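Chemist: Residue strings, one per chain:
Protein chains: 2
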Amino acid sequence: VTGPRIALDAFGTDARPDPEIEAAVRIASSGARIELVGDEARLRERVAALVDPAAATIELIHAGDEIAMDESPARAVRAKPDSSLCVAMDRLRSGHAQALVSAGNSGAILVASLLRLGRIKGIDRPAIVTGLPQIGAGIGAGQDRKRPHTVLLDAGANVECTVLNLVQFAVLGATWARLWHDIERPRVAVLSNGHEAGKGTALTRGAHALLAKHVGERGPAAMFDFVGNVEPTSLFDHVCDVVVTDGWTGNVVLKLAEGAMAAWPRMLLAAIAARQQDDAQGAAAITAAIDPALHDLAHQFDPDAHGGAPLLGVDGAVIICHGASGPEALYSALLMARRLAERGLIEAIGRAVRDHRELFELARAHR
Amino acid sequence: VTGPRIALDAFGTDARPDPEIEAAVRIASSGARIELVGDEARLRERVAALVDPAAATIELIHAGDEIAMDESPARAVRAKPDSSLCVAMDRLRSGHAQALVSAGNSGAILVASLLRLGRIKGIDRPAIVTGLPQIGAGIGAGQDRKRPHTVLLDAGANVECTVLNLVQFAVLGATWARLWHDIERPRVAVLSNGHEAGKGTALTRGAHALLAKHVGERGPAAMFDFVGNVEPTSLFDHVCDVVVTDGWTGNVVLKLAEGAMAAWPRMLLAAIAARQQDDAQGAAAITAAIDPALHDLAHQFDPDAHGGAPLLGVDGAVIICHGASGPEALYSALLMARRLAERGLIEAIGRAVRDHRELFELARAHR
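From first to last, the protein sequence lines are chains A and B. Under the working numbering, the first residue of the first sequence carries the number 721, and numbering increases by one thereafter. Under the working numbering, the first residue of the second sequence carries the number 721, and numbering increases by one thereafter.
Derived by calculation from the structure, the hints in this document are not laboratory data. In this text, all values refer to a predicted model and were calculated from it rather than measured experimentally. Incorrect hints may have been included.
Which copy is meant is left open, so a pair is good if it fits within one copy or across any two.
[Said to hold, decoys possible] EDC-like cross-link-like pairs, simulated, lysine to aspartate or glutamate; straight-line CA separation at most 16 Å: (1) Lys933 - Glu1081; (2) Lys919 - Glu791; (3) Lys919 - Asp790; (4) Lys975 - Asp1035; (5) Lys975 - Asp1011; (6) Lys919 - Glu880; (7) Lys919 - Glu1062; (8) Lys841 - Glu916.
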């Protein structure tokens, strides 16, 4: 067995540790090397009962403590060095593991990453990356690398951002789109409330001005194109591959998209019922006919079905999953983690930072 | 003919002045008094050809100039006192008209309102109000007063806001929900990215703290209830009647909701086609069966179909319409304007401000 080792926090999800164990066993049986981190006594028996010993590439790493979802991130990370999250983070820092997956307290994952891994040299703030499904993407796994997605960052790591942060997010997002979605020259945009450069806030105008001047249609490293502002109205039209925004706005976008996508089918069914109010049978027939497609869409939009969101900019491949993740989502996240380690995410970001050093200096001077 | 007079900027929409004339004639023929403001020579002949003279309650008010959509709002309002917008605003200020409707440059409407009407005493910043359709609202006009809507403000007047602004928006929004939607004790919430009081930004935490302490479940004037934070995920679930946020976030929410609602049906049709790829006839039959309901929903979500968005906090009843508005949207806005004038919007806001003077002072002191 070769390939990278992945540290999996076994006590992250709401249903900890069963979904984690199931996902670990599934990916291990395909030959991946997993470090399952958590209370060894609780894990050993369950894993032994599940794994075909011949295929076992799961190593148990003991961690006697856990961090709960409602704990204060900074306090918990400092107070609980023996938590499954912190021990997993240490495995990554020490080089025993080459990537990490956790579905725990996302604030704590952020803090532990910053404290134990640190940032990649040249990056001031890490960002959480997510993907918005696009019209024309067809139906299937939302994080399917080959389907059109618009990469959105920051999805929630930093509620307040500077122009420098947004410019760095552009480089991080472009690196991600190249590495994960195989887009050679991603089209990068700034989220704003109008196409014109002057629209938006001081933050969006500043980021727009710097990216337009110093990247434009052929940036210094020829790594991505800057295509200007994109309005929220167009976020599902695939007019760009990467959109940068502050973590507050990104989080609002992500959660509103989730809410809208969940509300829409219920509104449609109500509209069908209203149309067919004298023909309940007719309404039931129409509803039954579209039911499979509605399920396909619900799956496509289900954030829990598509693995995790990478935290880019920290000095290690870290993937954050939703606390409600099931084995399927964790398995996707583990596949993503393996691929990122194999393709050298951290090295790719390091190169991109070096190639854009001058841009970052200009952004740092921006007022 | 009695009732309030409404000033309608005849040169606001993209297709100016035809949609304005059509809407004015329609509401005038039902007895409303309209002042149609714009180039009299251009308006006179078209109006004369359309209106039954016996029913004519349209008065033409001459304004020799226009403000274009792409003009700088502040500059245009100062440079063009004879523009249709500024003249209409003067009719409102002088008391000749009791409400105003314009589909012109929304920045210019905001500036002209501030410069010519001023703010209602006690209100620091006006806000644009919009309504988000809710699950369970049934199908119909989105701005139908009696259907459940969540009132969102600020939808774009102020990209940067203070805690004081948000607290005032809560009072303005509650007044609006009472007056327009006939909700006696509206449930008011702060938009944030988590239910807990500590979630969000310094702005949301500050507004939450003040509203929780001084309004809570029975505010000083017993005019509304504060129900805490609402997450973007729940914005379509009717968990509150009014949601307050800064104008940047509100504008992003509004435009993203619009984009998602437009993208969803296209994604559903793609999903149906993918499911039925060996049965094009079957796919066509399903598509045809849901087509009427899709149309109903599209109409429900079409921002241009539902009249305008009131600008609350300025000393006059001002309604802003989308530049792409047709006669139907303008007609709805005129109906809204008439009702607001009849029900005494400005007086109602004045009372609400007096009833919450102490809360506003606390908010003003908040750091």
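Chemist: All hints are to be evaluated individually against the structure, with a verdict given for each.
Modeler: Outcome of the hint check:
With identical chains, the CA atoms of Lys933 and Glu1081 are at most 16 Å apart within one copy only, with a shortest distance of 14 Å there and 45 Å across copies. For a Cα distance limit of 16 Å, the shortest separation of Lys919 from Glu791 across copies, 13 Å, qualifies, whereas the shortest one inside one copy, 39 Å, does not. Taking the shortest alpha-carbon separations for Lys919 and Asp790, only the inter-copy value of 12 Å comes in at or below 16 Å, while the best intra-copy value is 38 Å. In this assembly of identical chains, Lys975 and Asp1035 lie within 16 Å of each other by CA distance neither inside one copy nor across copies; the values are 27 Å within and 36 Å between.
Taking identical chains as interchangeable, the C-alpha atoms of Lys975 and Asp1011 are never at most 16 Å apart, the minima being 24 Å within one chain and 28 Å between chains. Only between protomers do Lys919 and Glu880 lie at most 16 Å apart by alpha-carbon distance; the minimum there is 13 Å, versus 19 Å within a single protomer. Taking the shortest Cα distances, Lys919 and Glu1062 never come within 16 Å of each other, neither inside one copy (41 Å) nor across copies (37 Å). Taking the shortest Cα distances, Lys841 and Glu916 never come within 16 Å of each other, neither inside one copy (33 Å) nor across copies (34 Å).
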